[in-house]
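Chemist: The primary structure of each chain is shown beneath.
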Amino acid sequence: MAPSDVQLLGSWASPFSIRVQMGLKLKSIEHEFIEENFLSNKSDLLLKANPIHKKVPVLIHSQKPICESLLIVEYIDEVWTDGPSILPSDPYERATARFWTTYIDQTWFPIMKELEKAANDEAKATVIGKVIECVVLLEAAFEKCSKGKSFFGGDNVGYIDIVLGSYLGWIKVTELVGGPNLLDGTRTPGLAGWAERFLSHNVVKDVVPEPNKLLEFYMMVKAARASSSA
Amino acid sequence: MAEVKLFGCWYSPFSRRVEMALKLKGVEYEYIEEDLSNKSHLLLKYNPIHQKVPVLLHNGKPIAESSVIIEYIDETWEGPSILPKDPYERAMARFWVKFIDEKCAVAMWKACSSPGEEGEKAKEEASQLLKFLEEELKGKKFFGGDNIGLVDISANFIGYWFGFAQELKGLELLTKEKYPNFCEWVDEYVNNNFVKENLPLKDKMIEIFKTLA
Chain A
1 MAPSDVQLLG SWASPFSIRV QMGLKLKSIE HEFIEENFLS NKSDLLLKAN PIHKKVPVLI
61 HSQKPICESL LIVEYIDEVW TDGPSILPSD PYERATARFW TTYIDQTWFP IMKELEKAAN
121 DEAKATVIGK VIECVVLLEA AFEKCSKGKS FFGGDNVGYI DIVLGSYLGW IKVTELVGGP
181 NLLDGTRTPG LAGWAERFLS HNVVKDVVPE PNKLLEFYMM VKAARASSSA
Chain B
1 MAEVKLFGCW YSPFSRRVEM ALKLKGVEYE YIEEDLSNKS HLLLKYNPIH QKVPVLLHNG
61 KPIAESSVII EYIDETWEGP SILPKDPYER AMARFWVKFI DEKCAVAMWK ACSSPGEEGE
121 KAKEEASQLL KFLEEELKGK KFFGGDNIGL VDISANFIGY WFGFAQELKG LELLTKEKYP
181 NFCEWVDEYV NNNFVKENLP LKDKMIEIFK TLA
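Protein chains in written order, with UniProt numbering: chain A, 1 to 230; chain B, 1 to 213.
With the rest of the complex left out, here is chain A (with noise of 0.2 Å):
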């Protein structure tokens, strides 16, 4: 069998990693998808295609690896430009989309981490706090952005979508284990409606894990940490 010229470092679980296959699957690229085990030694193969920063994913084409995940997204957007275009065409919606999806990935999923490390309930209390700031200020993006249709990227599913829909797993996970309901129908209709659009669009439903898989995960991961450090 001849290798693909296409193939992406991954992990399942990895929302940088499931945005990239949404990518590929928007614009039905052809592709291997080598999953990287998460709790192993990292491969071989990703240590040399990622030197710097050894982490998935990384889009391997024609040989020539391209890391971090929205710099994928959009390379891949560049590249394969007769398919649906992930990114917007007019250069000010361009940059809204590249500032919505920096934003969620540098301000609002770091504050996501924190719940995790907060040690006591009024701790958890202040970052539940911030984070819903930061859903009500997405609330508002996706108003903006989607100008009433169904997504941020309006009738077809885009960047923001990709960005902010490969969490979705893991927003379900928070609220399994005790924390806030995000995408509240109250305080966030707009984005409440959106996630359940997103969740069953053609393209991305199956690439987005069931958030029990992704519990049973974040289980394992978290005893297999505590037994290291025991």
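No lab work stands behind these hints: they were computed from the structure.
Every residue gets a Cβ at the ideal spot worked out from N, C-alpha and C, and that includes glycine.
You may find that some hints are simply not true.
Said to hold, decoys possible - Residues from chain A shown here face chain B by an in silico Cβ test under 7 Å; the list is partial: (1) 52; (2) 66; (3) 71; (4) 75; (5) 78; (6) 91; (7) 92; (8) 95; (9) 98; (10) 99.
Unchecked claim - Below, in silico cross-link-like pairs of lysine-lysine (DSBU-like), each with a Cα-Cα straight-line distance of 30 Å or less: (11) B:52 to A:144; (12) B:85 to B:138; (13) B:39 to A:144.
Use these hints to put chain B onto chain A, whose structure you have.
Modeler: Just chain B, lined up with the frame of chain A:
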């Protein structure tokens, strides 16, 4: 009313990057200096989420985040390209900018401002990170090849700003012996006619560093 306005700060490397991009494209703009200790209501209006400079205002529409602004400038105005045309080269250029901002900047700032062991650790980390940039410059005049590009204007803070911090703190992190390619790039970059006109003055930089670090 000017079509293009830039809210910036004279000593912010992020603000200066955007100015470089505008000047490379020959875009006329109105510059508005922000006092970061007393932010204007306009800045807070145009960047309510992060409340930071730089912010570009084009035909009344605001754009925040220096790397987002620079890509917008490259896409909107004719003139020399800031990003490469080839998608793989573009991905690599964006990669290096992220590396510089998210890894190098953090480690180098810590190396200058954190005391004791934390500072030492940061210095060691920064040394390792600079090796990657050193390697990337092999055989090249600029990160962008023969001409200044996105990575060069984004590496400005290492090329220029860090030099002052290093001098002030007596750090020997970025030296010709350890990083010959990188130091040669710094010389080329800061002495480039076009760049020279757009860098803040040395004595003003040293003054501000004394208050910041």
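Chemist: Output the numbers, in ascending order, of every earlier hint that fails for this structure.
Modeler: none
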